[in-house]
Amino acid sequence: MNTNKVEPSEPRHWKGRLGSLIGDKLSREIDAFQGQIEQKREGKLTDEVFAEMRLRRGVYGQRYDNGHRHDGVSSRELVFPNAELTKGPGTQWDAPGMVRIKNPFGAMTTDQMDVLAEVSEEYADAILHVTTRQDIQLHFVHLEETPDLMRRLAAVGITTHEACGNAVRNVTACHLSGVCTTQTFDVTPYAAAVSDFLLGHPDAQEFGRKAKPAFSGCADRPCGLVKMHDFGGIARIREVDGVERRGFEFYVGGGLGAVPHQAELFDEFLPEEELLPICQSISRVFARLGEKDVRSRARLKFLVAKLGIEEFRRLVLEDRAGLAEDPRFTAFLDDVHEGHDGPLWQIERQDKLTPGPQLEAWLAANVAAQRQPGYKVVMIYLPLGDITSDQMRGLADVARRFTGDTVRMTVEQNMAFRWVRESDLPALHEALDELGLAEARAETITDITACPGTDTCKLGISSSRGLARVLQDHLDGLGEELDEVVRGLRIKISGCFNSCGQHHMADIGFWGVSRKRNGYNVPHFQVVLGGQWAENAGSYGLAIVAVPGRNIPAATDRITEYYVDEREGDESFKAFVTRVGKPSLRTLLEDLVEVPTYEQDPSFYSNWGDPREFTLGDMGIGECAGQVVSPVEFGLQASEREIFEAQDRLDQGDSSGAADIAYRAMLIAARTLAREKEVGLGENPDDVVTAFKTHLYDPGLFHDPYAGGKFGNYLFRVHGESSNGFEATPERARKRIEEAQLFIEAAHSYHVRTADVVPV
Amino acid sequence: MSVQAAPEIEPLVVSEPQRIGVKIFVEDQETFDRARMIDVFHHWIQEGRVPGTLIDVHDYTHVPEGPGVMLIAHEWHLRTDEAGGRIGFEYELKRGGSGTLAERVRAAIVSVLEAGAALEQDTAEENPVRFATREMVFRFTDRLAVPATENAFDEVTRELESVLTDFYGGAPIELQRVGHARGPLTIHMSVGGDGEWSLAELVIGARSAAG
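Order-wise, the sequence lines are chains B and F. Residues 1 to 760 in the working numbering are what the first sequence spells out, letter by letter. Residues 1001 to 1211 in the working numbering are what the second sequence spells out, letter by letter.
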């Protein structure tokens, strides 16, 4: 063999090899990020500053990146080569991380799919994970390989810029836009325009938290989920002076998370030419007036709630009036009106289909009509949103053959082929089947949505994906026993209250919580029933009760059987839940709340799919949006979630339950703060109150600059009431909830006063 | 005075890859218990059963023909790979390799054989897993160092033949390019002749060959 090495003609680095394929601006940005990595390595950047820089490039941390992992026996140190280096507060340099890739409205070309396959197998674990916001996530990526990963994506027009951080995130839109039978018009070009316009926009760089936009082509169908987003529009046409004009029913201030908010109507008809300037002004008002210090109050929804929609609207319109005109406001409309709705294929002779059973099931579950006769939309079911690099490459081939080019990802973690000729369906099914992608379950109860949860997320409490796998197997096992009305329901699972699995909008939702039982932490899931997926996430579900993870399959059976047995006529699941009410549903699940002792059944003390004994010790500091989230903020968010629950209870007429939960919320907040001073502090209420008094109240640390010890005294009084018996009338319960809210606000203020918060 | 032309030097296409995958196949595909691998890999982390900075276990068994169950280390990934519908152990060096291409390939083979031998040993008492020893698949996902071209295939083949001849004591080796045209360079190896090797024997031979 010839061992004389000669430099090959092509450069041995991606930057040189890809050269002009990457646009100048993006190329400079990626070079700058590579420089920042080097600066951090040399100690020239602080952890906090570098963390925000990498997050804005879509480079996240991942579970165990603090260098510790509980292996089921004890917490072990992960000894990485560059143990002295960090890439964020408490985040090891060499620990694998996650990269989020933005795909506006979930669209991908086949060339992009090829490159996504390449980078996933080269830099990650050869799996591409489709998220509930039409992004793609790669896991187990090394920081120092991210610039090359970004360059390869940039060469095919993909960016990770602002896929994370306190910025405008991926602009989502319904995957049927342009081909939907019920759309008012195709929102794709509008979503694209907003995405391009706000990416890196100077007025969208100073947010306290992220902002998520969404667009929908119609009001009734669920695909766009506009009402759970920070801002977004539903397509509308209005006749003005005898001329049909396009615009949007525009919403602001929606969001899920610990405290879900339904978006408020900003404008019944926002004309299309006002879309970009209004988005810019919303960004400016949010940047100017949005909360910056207390991250758990910093989303747009809190600003809208605080100001009220009228005042928020007034401020935005006032700002809009002063905006300098920008040619981009309307430039995109010329292109929109040229129209891109035409078919990619000419319909030729259409043979009548004679499907066999497998094809028939797939046609029924995964294929839908397009508004254009003769063409179909085909849903490709991805289990838990995962697809291998080999499948992605194969799918690109299939897309080239059957759709011409583009594919869209859906908010239910699947993919959609559009413009498929009806006559091609059998051949398409066969091609997908060869890739293992022809399962007939898209958009059914077994097409379960789940966030990454404890698999990779630092904030995960319970294993959302482990539960999803088990539930799918369980429901598959029921086979024909599963009633037809149950097949159409949706299950969505989040590993914690942050709601990335969108559990609030599911018919049957679960989110991970921990409960202390028999001296152990036991993984549980809060059961949320009756969310509305339709009407753009029209309403959120009711939290019923927390059930041990091991009992969730049984709980699901109970709930679905109850629905089948007791539904009236064509009653929807949401209507059924509303009619039968929470008390009845809680009673239904009551015995499933019980946890056997460890000796009786140790499986209750582990997450699904993970044999290690359950621990909260692996939870890290979250990076779910820009600046890292401290354990204190995480705890205070948990207390706010309890307030939401308390309010919900009160609304259901359960005053006693509401009062108890409000008290619990105060205890969580007090314990969260007191644990900073007393690390081993347990959950006993007396201990928590004593520690709070000793460490925070008596030294005057918790005192409000104006109200003094007033808010701390709320805790002492409520604690006393709890010990002495408390008659919870609706009015007294409402008062307690209000006081608990004030106490938690004071806790946030204390945290801001004392924490070393680095402004973004 | 006559001028002697300089010998023509063929430019090398391939350099030292950072990422090399080697897959060995499970003999009895039908009885392989995927769910058990989650427990096995968690035990491996607890016991430090294989060298490396062991991070976590990841379950991808829901993905058709996917990575199965993965053991993630800082330096490598090990998966109960199901690509092509055939279950095996795929070890993929992710970073930190050193030496020439041949040395890196040899180290990767040793690693997958050692992992396979550990699994054979750990499952010996119940539903034992055995690996086939006459077949491997090599995958080079580092496209910068090993492009998926015919020239690269020729170069890598020469290196592989040299390494594998050592492993198999001169038995005939057949190397064939497989996989998707746009995928990473992937090479299937099969061993001819009458020789028989256990995984443990190959490991011992490989260790001695590696010095």
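Treat the hints as calculated values from the structure; they're not laboratory data. Yeah, the Cβ is synthetic: ideal placement off N, Cα and C, and Gly gets one too. Incorrect hints may appear among the rest.
Claimed, not checked - Per the computed footprint, the stretches of chain F lying under chain B, defined by three or more beta-carbons under 8 Å from a beta-carbon of chain B, are:
#1 1129-1137
#2 1182-1189
Stated by the list, open to error - Have a look at the derived ranges for each label pair, beta carbon to beta carbon:
#3 F:GLU1103 <-> B:PRO327: 37 to 45 Å
#4 B:GLY19 <-> F:SER1162: 30 to 38 Å
#5 F:SER1015 <-> B:LEU616: 41 to 49 Å
#6 B:ASN82 <-> F:ALA1200: 49 to 57 Å
#7 F:GLU1135 <-> B:ASP601: 24 to 32 Å
#8 B:ASN82 <-> F:GLU1125: 51 to 59 Å
Looking at the structure, which of the earlier hints fail to hold?
1, 3, 6, 7, 8
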